[in-house]
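In order, the protein sequence lines correspond to chains A and B.
The numbering of the first sequence is the working numbering, which starts it at 297 and goes up by one.
The numbering of the second sequence is the working numbering, which starts it at 297 and goes up by one.
One should not assume that every hint holds.
[As the list claims (entries may be wrong)] Which chain A residues face chain B? A few, computed with CB under 8 Å, are given here: (1) Phe300; (2) Trp460; (3) Val462.
[As the list claims (entries may be wrong)] No farther apart than 27 Å at their CA atoms in a straight line, the calculated lysine-lysine pairs in the BS3-like style are these: (4) B:Lys364 to B:Lys409; (5) B:Lys443 to A:Lys313; (6) B:Lys357 to B:Lys404; (7) A:Lys302 to A:Lys404; (8) A:Lys302 to A:Lys409; (9) B:Lys483 to A:Lys313; (10) B:Lys302 to B:Lys313; (11) A:Lys404 to A:Lys357; (12) B:Lys409 to B:Lys359; (13) B:Lys380 to A:Lys302; (14) B:Lys443 to B:Lys483; (15) A:Lys404 to A:Lys380; (16) B:Lys474 to A:Lys483; (17) B:Lys409 to B:Lys443; (18) B:Lys302 to B:Lys409; (19) A:Lys302 to A:Lys474; (20) B:Lys483 to A:Lys474; (21) B:Lys443 to B:Lys302; (22) A:Lys313 to A:Lys359; (23) B:Lys380 to B:Lys359; (24) A:Lys313 to B:Lys359; (25) A:Lys483 to B:Lys313; (26) B:Lys302 to A:Lys302; (27) A:Lys302 to A:Lys443; (28) A:Lys483 to A:Lys404; (29) B:Lys313 to B:Lys364; (30) A:Lys302 to B:Lys483; (31) A:Lys364 to A:Lys313; (32) B:Lys359 to A:Lys483.
[As the list claims (entries may be wrong)] Pulled a few chain B residues facing chain A out of the computed Cβ check, cut under 7 Å: (33) Gly340; (34) Leu452; (35) Leu455.
The hints are simulated quantities; they were obtained by calculation from the structure and are not laboratory data.
Ideal Cβ positions, reconstructed from N, Cα and C, are used throughout, including at glycine.
Number of protein chains: 2
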Amino acid sequence: MNSFLKATGFTHFLLEKFLRSGEIVIDATVGNGYDTLFLAQAVGASGLVYAFDIQENALQKTKILLEKNNCLQQVNLIHDGHEKISQYVREPVAAIIYNLGYLPGGNKEIITKGETTLLSLQQGMELLRSGGIISLIVYPGHPGGKKEADLLEQYLTSLSPRIWQVMKWSRVNGDRVKAPCFLCLHKS
Amino acid sequence: MNSFLKATGFTHFLLEKFLRSGEIVIDATVGNGYDTLFLAQAVGASGLVYAFDIQENALQKTKILLEKNNCLQQVNLIHDGHEKISQYVREPVAAIIYNLGYLPGGNKEIITKGETTLLSLQQGMELLRSGGIISLIVYPGHPGGKKEADLLEQYLTSLSPRIWQVMKWSRVNGDRVKAPCFLCLHKS
Numbered sequence: 297m298n299s300f301l302k303a304t305g306f307t308h309f310l311l312e313k314f315l316r317s318g319e320i321v322i323d324a325t326v327g328n329g330y331d332t333l334f335l336a337q338a339v340g341a342s343g344l345v346y347a348f349d350i351q352e353n354a355l356q357k358t359k360i361l362l363e364k365n366n367c368l369q370q371v372n373l374i375h376d377g378h379e380k381i382s383q384y385v386r387e388p389v390a391a392i393i394y395n396l397g398y399l400p401g402g403n404k405e406i407i408t409k410g411e412t413t414l415l416s417l418q419q420g421m422e423l424l425r426s427g428g429i430i431s432l433i434v435y436p437g438h439p440g441g442k443k444e445a446d447l448l449e450q451y452l453t454s455l456s457p458r459i460w461q462v463m464k465w466s467r468v469n470g471d472r473v474k475a476p477c478f479l480c481l482h483k484s
Numbered sequence: 297m298n299s300f301l302k303a304t305g306f307t308h309f310l311l312e313k314f315l316r317s318g319e320i321v322i323d324a325t326v327g328n329g330y331d332t333l334f335l336a337q338a339v340g341a342s343g344l345v346y347a348f349d350i351q352e353n354a355l356q357k358t359k360i361l362l363e364k365n366n367c368l369q370q371v372n373l374i375h376d377g378h379e380k381i382s383q384y385v386r387e388p389v390a391a392i393i394y395n396l397g398y399l400p401g402g403n404k405e406i407i408t409k410g411e412t413t414l415l416s417l418q419q420g421m422e423l424l425r426s427g428g429i430i431s432l433i434v435y436p437g438h439p440g441g442k443k444e445a446d447l448l449e450q451y452l453t454s455l456s457p458r459i460w461q462v463m464k465w466s467r468v469n470g471d472r473v474k475a476p477c478f479l480c481l482h483k484s
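For reference, chain A alone in the conformation it holds in the complex (with noise of 0.2 Å):
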């Protein structure tokens, strides 16, 4: 499988087209940081990215991977939920990344749900520059993951599309049910 037509690959593909140097963008789930590290790279040492994680683990991985790269002077780390953005972040933004689910490799039962990544969402459109776009990876495969798909998706179906266009990259064939899919919202 082309790596880039996968809903993960296609994040970094088309924030590309959106992201410029010296901007301000949230990296909402740090996870692994591979998210963290692209966005730190796209914005340069100019540039600013907030990124949120509850696992104190996943923040201090994240660090080694972006000292390595040159790229930690640009990040902010933070050690707390992504519900809690607008206490941290009060400039616009020009992208934010969620990569819901659970850590890889980490405990599968510490996962994001829907009704905070709802709340995060909601405060990070508010942050979000005219022009600027919020991409959202969702897994459905795993215990309470279609719960959260579900409620994204409706959701995301009910806004005008006056100020946002919302799109959405998912597989048609194999096996569609457990398949992470892409979103995105562009702010008019």
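With chain A held as given, fit chain B onto it using these hints.
Just chain B now, with coordinates in the frame of chain A:
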């Protein structure tokens, strides 16, 4: 709306990742010629584009567009239906573009039909080389369009994921029923 988030702009955005100079590709539905021009520029003077349309005026306008852009030499304009692709093309191709429905600005009663599109697609799938990509834009908004979209998606859903990765780019909010949708098939 950001133009490349639309199904039409999205085709070029995605296919740019797959096309290299010197390759052989197919535009199965010339229409206004914008996809033909895109393909001709992507494969360059050392490449070859087979371009099909059943409407002579579509081919005439496209010929002028290609001449203006110094791309006519690498395009083989064919006045025939795309369900006869395999009569004209006998070598492996890297990409095929379908932009279904009717000719913009033309006779809206001359539309592509699910049955012939499917015949063409199956021939195209045989011709496609490993690692190649087929893109389809379907328009459920016009009479007959929904039927064609349903037929195609039903067929694509049944394809083996060991050979084919089929993905869809679709609108989540606003007028989802009428919005065009982008489908792509990647061959392993």
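- request: Check each numbered hint from earlier against the structure, then list the numbers of those it violates in ascending order.
  value: 4, 5, 13, 24, 28, 32 and 33
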